[in-house]
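Novice: Which chain is which? The protein sequence lines are W, P and D, in order. Its first residue numbered 1, the first sequence is counted upward by one per residue in the UniProt record's numbering. Its first residue numbered 1, the second sequence is counted upward by one per residue in the UniProt record's numbering. Its first residue numbered 1, the third sequence is counted upward by one per residue in the UniProt record's numbering.
Incorrect hints may appear among the rest.
Pairwise CB distance ranges, derived in the manner of DEER restraints [said to hold, decoys possible]:
id, chain 1, residue 1, chain 2, residue 2, range
1, D, 119, P, 219, 17 to 27 Å
2, P, 128, D, 135, 36 to 46 Å
3, D, 368, P, 266, 48 to 58 Å
4, W, 97, D, 61, 52 to 62 Å
5, D, 59, P, 114, 29 to 39 Å
6, W, 97, D, 333, 38 to 48 Å
7, W, 105, D, 302, 39 to 49 Å
8, D, 291, P, 235, 21 to 31 Å
9, D, 83, P, 235, 46 to 56 Å
10, W, 10, P, 114, 43 to 53 Å
11, W, 97, P, 235, 42 to 52 Å
12, P, 239, D, 147, 51 to 61 Å
13, P, 96, W, 98, 44 to 54 Å
Partner residues aside, some chain D positions facing chain W, computed with beta carbon under 10 Å [stated by the list, open to error]:
id, residue
14, 282
15, 293
16, 324
17, 327
18, 346
19, 352
20, 368
21, 383
22, 414
Just some of the chain D residues that point at chain W, by a computed CB distance under 10 Å [what the hints assert, rightly or not]:
id, residue
23, 356
24, 361
25, 363
26, 365
27, 370
28, 372
29, 374
30, 377
31, 382
32, 387
33, 390
34, 391
35, 392
36, 416
Please keep in mind that the hints were generated in silico from the structure rather than gathered at the bench. Values in this document were obtained by computation on a predicted structure and should not be read as measured data. Every residue, glycine too, gets a C-beta built ideally from N, C-alpha and C.
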Amino acid sequence: MKRPGPGLWLAVAVLAVLVLAAVAPHLLSAQDPLAVDSAQTLRPPSAAHPLGTDENGRDVLARIVYGTRTSLLLGFGAIAIALVFGGLLGLAAGLGNRVVENVIMRLSDIGLAFPELLLALVVITVAGGGTANAVLAIGVANIPGYARLVRAQTLAVRRSSYVEAAHALGLPGRRVILRHVLPNAVKPVLVLATIGVGTALVAGSALSFLGLGTPPPEPEWGSMLSTARNFISRAWWYGVFPGAAITLTVISVTVVGRALRLRSEGRTSW
Amino acid sequence: MIRFIAWRLLAGAGVLWGAATLTFLVLHFTPGDPAEAVVGGEGAAPTPEVLAQITAEYGLDRPWYEQYAGHLWRIVRGDFGTSYRLHTPVTQAIGEQAWATMELALAAAVTGLVLAVAVALATAGRRRWIRGLAAGAELLVASTPAFWLGIVLLTVFSFGLRLLPATGSHGLASLVLPALALALPIAGVLGHVLREALEEVLDEPFIVSARSRGLADTTVRVRHALRHALLPLVTMSGYWVGALLGGAVITETLFTRQGIGRLLVAAVNAKDLPVVLGVVLLSALVYVLVNLVVDLLYRVVDPRLKEAA
Amino acid sequence: MVKPMVTVENLRVAFGAAEVVRGISFEIARGECLALVGESGSGKSVTARTLVGLTGGGARIAAGELAFDGQDLTALRERGWRKVRGGRIGFVLQDALVSLDPLRPVGKEIAEVLATHTGLTGAARRARVAELLASVGVPEPELRAGQLPHELSGGLRQRALIAAAIAADPELVIADEPTTALDVTVQAQVLDLLAELKSRDRSLLVISHDLAVVARLADRVAVMKDGVIVEQGPTGRVLGAPEHDYTKQLLRAIPAEHTKGTRLSATAPAPPRRPPGEVVVRAQGIGKSFGGRIAVQDVSFTLRAAETVGIVGESGSGKTTTARIALGLSAPDTGSVEVHGQSWAGLDRAARRRLRRDIQTVYQDTLAAFDPRYTVAKVLAEALSVAGVPRRSRRERSVELLELVGLSPEHLSRRPLQLSGGQRQRVAIARALAPEPAVIVCDEPVSALDVSVQAQVLDLLEDVQRETGVAYLFISHDLGVVHHACDRVLVMKDGRVVEEGPVEEVFRTPAHPYTRELVAAIPRLTAV
Numbered sequence: 001m002k003r004p005g006p007g008l009w010l011a012v013a014v015l016a017v018l019v020l021a022a023v024a025p026h027l028l029s030a031q032d033p034l035a036v037d038s039a040q041t042l043r044p045p046s047a048a049h050p051l052g053t054d055e056n057g058r059d060v061l062a063r064i065v066y067g068t069r070t071s072l073l074l075g076f077g078a079i080a081i082a083l084v085f086g087g088l089l090g091l092a093a094g095l096g097n098r099v100v101e102n103v104i105m106r107l108s109d110i111g112l113a114f115p116e117l118l119l120a121l122v123v124i125t126v127a128g129g130g131t132a133n134a135v136l137a138i139g140v141a142n143i144p145g146y147a148r149l150v151r152a153q154t155l156a157v158r159r160s161s162y163v164e165a166a167h168a169l170g171l172p173g174r175r176v177i178l179r180h181v182l183p184n185a186v187k188p189v190l191v192l193a194t195i196g197v198g199t200a201l202v203a204g205s206a207l208s209f210l211g212l213g214t215p216p217p218e219p220e221w222g223s224m225l226s227t228a229r230n231f232i233s234r235a236w237w238y239g240v241f242p243g244a245a246i247t248l249t250v251i252s253v254t255v256v257g258r259a260l261r262l263r264s265e266g267r268t269s270w
Numbered sequence: 001m002i003r004f005i006a007w008r009l010l011a012g013a014g015v016l017w018g019a020a021t022l023t024f025l026v027l028h029f030t031p032g033d034p035a036e037a038v039v040g041g042e043g044a045a046p047t048p049e050v051l052a053q054i055t056a057e058y059g060l061d062r063p064w065y066e067q068y069a070g071h072l073w074r075i076v077r078g079d080f081g082t083s084y085r086l087h088t089p090v091t092q093a094i095g096e097q098a099w100a101t102m103e104l105a106l107a108a109a110v111t112g113l114v115l116a117v118a119v120a121l122a123t124a125g126r127r128r129w130i131r132g133l134a135a136g137a138e139l140l141v142a143s144t145p146a147f148w149l150g151i152v153l154l155t156v157f158s159f160g161l162r163l164l165p166a167t168g169s170h171g172l173a174s175l176v177l178p179a180l181a182l183a184l185p186i187a188g189v190l191g192h193v194l195r196e197a198l199e200e201v202l203d204e205p206f207i208v209s210a211r212s213r214g215l216a217d218t219t220v221r222v223r224h225a226l227r228h229a230l231l232p233l234v235t236m237s238g239y240w241v242g243a244l245l246g247g248a249v250i251t252e253t254l255f256t257r258q259g260i261g262r263l264l265v266a267a268v269n270a271k272d273l274p275v276v277l278g279v280v281l282l283s284a285l286v287y288v289l290v291n292l293v294v295d296l297l298y299r300v301v302d303p304r305l306k307e308a309a
Numbered sequence: 001m002v003k004p005m006v007t008v009e010n011l012r013v014a015f016g017a018a019e020v021v022r023g024i025s026f027e028i029a030r031g032e033c034l035a036l037v038g039e040s041g042s043g044k045s046v047t048a049r050t051l052v053g054l055t056g057g058g059a060r061i062a063a064g065e066l067a068f069d070g071q072d073l074t075a076l077r078e079r080g081w082r083k084v085r086g087g088r089i090g091f092v093l094q095d096a097l098v099s100l101d102p103l104r105p106v107g108k109e110i111a112e113v114l115a116t117h118t119g120l121t122g123a124a125r126r127a128r129v130a131e132l133l134a135s136v137g138v139p140e141p142e143l144r145a146g147q148l149p150h151e152l153s154g155g156l157r158q159r160a161l162i163a164a165a166i167a168a169d170p171e172l173v174i175a176d177e178p179t180t181a182l183d184v185t186v187q188a189q190v191l192d193l194l195a196e197l198k199s200r201d202r203s204l205l206v207i208s209h210d211l212a213v214v215a216r217l218a219d220r221v222a223v224m225k226d227g228v229i230v231e232q233g234p235t236g237r238v239l240g241a242p243e244h245d246y247t248k249q250l251l252r253a254i255p256a257e258h259t260k261g262t263r264l265s266a267t268a269p270a271p272p273r274r275p276p277g278e279v280v281v282r283a284q285g286i287g288k289s290f291g292g293r294i295a296v297q298d299v300s301f302t303l304r305a306a307e308t309v310g311i312v313g314e315s316g317s318g319k320t321t322t323a324r325i326a327l328g329l330s331a332p333d334t335g336s337v338e339v340h341g342q343s344w345a346g347l348d349r350a351a352r353r354r355l356r357r358d359i360q361t362v363y364q365d366t367l368a369a370f371d372p373r374y375t376v377a378k379v380l381a382e383a384l385s386v387a388g389v390p391r392r393s394r395r396e397r398s399v400e401l402l403e404l405v406g407l408s409p410e411h412l413s414r415r416p417l418q419l420s421g422g423q424r425q426r427v428a429i430a431r432a433l434a435p436e437p438a439v440i441v442c443d444e445p446v447s448a449l450d451v452s453v454q455a456q457v458l459d460l461l462e463d464v465q466r467e468t469g470v471a472y473l474f475i476s477h478d479l480g481v482v483h484h485a486c487d488r489v490l491v492m493k494d495g496r497v498v499e500e501g502p503v504e505e506v507f508r509t510p511a512h513p514y515t516r517e518l519v520a521a522i523p524r525l526t527a528v
């Protein structure tokens, strides 16, 4: 039995700041993320610009703060899409007859044969770039994995003795599914999805980094790094801080996700 | 055993067939004229002659089932169409870049695996602070996107210390940073899985049993525990292929290296659909082959499965 | 006086703040067998592991003396321990399936000991492995040495594990629950094997939860509870004239020694028994096979109200399949099961559901039997809703049910994980009673429980039967439990009923050779 440690609280605090940055960025940075200042290009961190400026003299901190909303959207939006569609398919496969199950599972086999990023690139090629399409692309690429996961969970719960006990009590089949199978199959997947948000965020910002996600000048962490790459030799701060924001976010999401998993498995004292 | 291999081959062929069908659907349900899609969409402004040639080449004036059959037949023969951007057959374009990517992927896979195994063997089941340190390091590198890790490595080693070249794809020195940028996040993920598995195994009664025979700790870890802990890594074959190929796209772009990844990014930007679909089909083929090898390997590592089939 | 093989004086072991062994002392003489008996959490396994220096990470160990053959064990470093382990002290863990490396042939595990502690090489080692396997009664030793643990039966695995423990001819063998996972006939053979070691002037420390198991093996017995030895002495004295209350409680809890109607736990005497009533379940010629393998063949029985019929057999005998068919959860290939005169086969879904209320079930795995999200209140409310109890009276009825199974209303808000195994089994019985069934199928209901908890649950089942007149179909591999709990018994082997009759008759004058073998193998205190 583990108690929540300081690491978990730190991660929760980081996530709270991120949510604040996404909802009300002006509270965290007084600067305009789009304000160009040709006199202040590529300046190192200073009192006026705590994290320095970029090639157009824009404040890097402000761009990171204002970019939070888009970056979180990439992570959470994509996983939401994957969860909803993957979840429905997985439930259908886990609860349906053998034909339904086989069709869905063979389709997901095919989907899993494509690396996530490559499948996302196909979607982008067909549908074009942009934030919304990046969310869609990463989301679609994650559907087969979640379909498998939900199906496996559903089957495991269906075979458990408490479900057999519910049947033996004489509970109608539909009620057993609604009351016992669904909640117990979905809950662990929701917990795992928390960790998946981090991976999806990295994939989404990778698309932006490749110039295929959020287009400039709109601030987004991955697309900032895409430009920063050209100035590595002259402005280390430009390349370091946006990436640190991504890593910090992913670490926090993962720490919280793992803690939730321990909790859902009954291995914690809270 | 033979039945098992035949069954796996059949399943693999099924997946490839599905993948080919998917590429057909993408080609034909992309909004607008499929011929235009092939050459890069409306923005590409192809001449009517080019469109006519494409229409004839792909049989776009025939009924869909003939087109579908033709599509599959071309793929079976290894004909993935012509790159609009490069004006060369897709297979040739991919073939020219394949070795560079293989080199990078292999270097990264070996580095990642060696790092993960070494760290896990050294730290699993040790004192609390050692485990905490290892877990923290794993979490950090696993959460670091390859493109940022690459930028940090470049900042430090190429522009700060001037030890290694920043770009290019010639010689061993130019391989070090890309391979590291690709390998470290993988090592983080693998290390985490391996250490958890190892810690679980080290708690098993048969390990206590082995220790009670007077074996040394290192012997117990290497001879008894490691083999069990490697099993989950082997089953992560899908992750391996995805991480290495997806990672290659990023690393090759960042380090301006030659390779399939950069070819793909250029093709996506130019809406060069035949190349995109060619690379995707290739990745599905790699996935199927790797899975087949892994399934066979798994039976060697875990002989319990032999009768189960 | 001869120096003892093992001397333990005032041993204390703590993990973090929890002290699990709290100052115990004992000695083992050369050629002597000491049994350390206690229930889970008593600290007996920790004590055994401490003797080979494998207590586990984070353990703090303190002792006035901890010596093996005059050598101070507390002073040993890792290198010194390696010479002792396997070389001078052999260690046999419980459950050989998980105590042998599942990915290595068993011969290699034995050869490993020889490589570490003897000068034997290559071919000589292989020959010795075969010799050792043969000496512990493994047939075709050369063939077996090359096989993986899962290819061997439970009994052969345990023998292989013993062969590994004695390979370097150690002076002391420690066996931690050596027979727990084994069928009763195999259990007897393994005990004989250990007894033979003792006769070769080797010392033996046997750890067990089962007094009856050690009765036939041990020279002296030490009873442990909560990290303390409450009583120790010669086996005959401890078992025949126990001094400590806990020892008495353990002895009383052994079901094999007490027939139906006597109490196993120290609770109030039971109300008078009811006579068996009308037939509630009638199974006729049921048979079932899975993919060509016959699981059950031509099984028939009747079960009357207020009666307990036991089905006993070793693993794979078809008893669980029979239970599932009786419950209507699995359809038989041949024959039929009638509950209250209604056959499962002829019913539509709604009628099946209605009939289910009449036949309820209690499982072996008390944790898996409950939805982990549900509180006890919700578990019982659900069962009561099926029975048609109106919403407003469900809470009141739940409290009544809890009281019937010896729990109190405060347990209503608990979740399965917050209850002990015994408490969970009580809740399971309460849930089964909620629809006021005529029959409860109990599938190994006490197999996962400690002896004293087992005793309480068995007493509870009997009380409930007296009070409500419910009938039990009682599935178990444990003949002692069946002997105590049942009125009539069916003995199953390979899917068939080989013998049936009133429980006293079957146990006293078994007719079938297999039953005779089973009954002879029951560990008994009187075998001392």
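Novice: Which of the listed hints are not met by the structure?
Specialist: Result: hints 6, 9, 10, 11, 12, 14, 15, 18, 22, 30, 33, 34, 35 break, sorted rising.
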